[in-house]
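Model the full structure from these sequences, guided by the hints.
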Amino acid sequence: MKMLAIDTSTYTLGVSLLNGEEIIGEHITDLNKNHSLRAMPAIEALMKECEVKPADLKKIVVAKGPGSYTGVRIGVTIAKTLAWSLNIPLAGVSSLAVLAASARYYPSYISPIIDARRGRVYTGLYRFEEGKLNLVKEDRNVLLTDWCEELKELNEDVLFAGKDIHLHENLIREVIGRRALLGGANIFYPRPSELGRLGLTEPAVDLHSFVPNYIRLAEAEAKWLEQQEAEKRNG
Amino acid sequence: MEKDIYVLGLETSCDETAAAIIKNGREIIANVVSSQIESHKRFGGVVPEIASRHHVEQITVVLEETLKQAGMTFNDLHAIAVTKGPGLVGSLLIGVNAAKALAFAHQLPLIGVHHIAGHIYANRLVEELTFPLLSLVVSGGHTELILMKEHGDFQVIGETRDDAAGEAYDKVARTLGLPYPGGPHIDRMAVEGEATIDLPRAWLEEGSYDFSFSGLKSAVINTLHNAEQRGEYIKPEDLAASFQGSVIEVLTAKTVKAAKEFEVKQVLLAGGVAANKGLRKALEKQFAELKNVDLLIPPLSLCTDNAAMIAAAGTVLYEQGKFENLAMNGYPGLDIEQN
Ligand SMILES: [Zn+2]
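As they're listed, the protein sequences go chains A and B.
If you use the UniProt record's numbering, the first sequence corresponds to residues 1 to 235, in order.
If you use the UniProt record's numbering, the second sequence corresponds to residues 1 to 339, in order.
In short, the hints are calculated from the structure, not lab data.
In this text, all values refer to a predicted model and were calculated from it rather than measured experimentally.
Among the clues, some could well be false.
[What the hints assert, rightly or not] Straight-line distance between alpha carbons at most 30 Å, and here's what the computed DSBU-like set of lysine-lysine pairs gives: (1) LYS171(B) to LYS223(A); (2) LYS285(B) to LYS322(B); (3) LYS68(B) to LYS58(A); (4) LYS41(B) to LYS232(A); (5) LYS235(B) to LYS265(B); (6) LYS285(B) to LYS2(A); (7) LYS53(A) to LYS23(B); (8) LYS235(B) to LYS232(A); (9) LYS41(B) to LYS33(A); (10) LYS53(A) to LYS3(B); (11) LYS285(B) to LYS235(B); (12) LYS149(B) to LYS171(B); (13) LYS322(B) to LYS53(A); (14) LYS235(B) to LYS48(A); (15) LYS23(B) to LYS265(B); (16) LYS149(B) to LYS41(B).
So this is what it looks like as structure tokens:
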């Protein structure tokens, strides 16, 4: 069963082709460049090299966020359109789960980190058990200080994964100390083949209504809701 | 007898998610538009991030409805055309990437269309174009006079130096406390009022086909402000009529002058503001007197953003063999002459 996996949720562009559990090909570039420009050419090049035609595909898997709003939208749009027009199932996987899966053989908790600016991060808590990645704490957008305090309570080892952790190394060390293991950019980055593997067992979504998991409301909407609340309070 | 050409068009440059299938660049087979206007009303204008989110929600729904209306499959299509600019970048990217995915999945040629070229070609869905022709493009973001000597050749002979006409409408509407989008409200109010207030007309220097509306906009705001301070009442209908009168007088006069100078066979009205009844009427009156020029005004549904116009313009590029590769991007500031 040939499957295409697409991840454009961070600067790391990932595309992979799987045949069941087996990885046929994987394409990763980590450039500060537009996904809109390079995602489709990457898909085209990988499929051509692997001699897989669009009509051979049986499933599409996409990293559904959180991450860069625009980035995630590009991947989701391509995935939705491909799946719809080829009439095959589509599955969405958390971008954070993909990052966590890069630490497949780590025995304790994994906290994948995608920076969200102003001291905030996108993260969640994951753990591999019997080769299966389990979600322990939901994906969220959180102040890293608060998150570290929460993890400290666990009193267990936590691996922080992702290239953005170098931005926050001091804070993590300060709060969690030796319980924190920092996995940097060269080992723990989102692998599209892991996205594909996670997607294998992921049930198909309702295609038309499928949208990215932004986690946060659009700023204008959040402000509008705040205003509505304030007006209600003031009668 | 040559083979019929079917082109699927996609348009997501602002707040409409639209798809359409056009036969031979002239005949609408299916035309679907999903408008987000209700979602943006509460913000008083289009919020780019929210527009982008809506496009992702709507894109496959609109595509499916289009194929269903047409009773066609991808095997029946010859090319995928999409708006590649100008517009809101986040919105453009949804259409562009969906179009690229479709072109790749079904190995169809990919065509990138300039949004304004689309608006102009909306006219070809009504009547065949004859060159040379002059197009008056008026929308929220554009006020331009474009001369065409043949298919796919666009020469901007005049454009706005500040606000687009549609922008001026929206700002004046806001000043009058009208809800977004304000253009249609002013058009309606203008009918009920009289142009009794003296407002400026920006003719600019002799021989120029450029436009300027920021002075007019400020004059409207000042007039209201001054009246308020003096405790005088201005009938909003009269102000709307006076404002609209000024805009339309300049637009029609420059269009007529250019039509004569370039000896065009047709004059086309294009863009969202083409839905404005006052403007339609004024142009109809002016061009009724010019016997050798045909005035084309598309129906209201083809004036606002839609994908039928993109597929129509895309068909010309298809015939000219102007295709894009999968590295095509969305270009928010795309220039129609360079395209
Ligand atoms: Zn438009």
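Hint numbers not upheld by this structure, sorted from lowest to highest: Numbers 2, 5, 6, 8, 9, 12, 14 and 16, in rising order.
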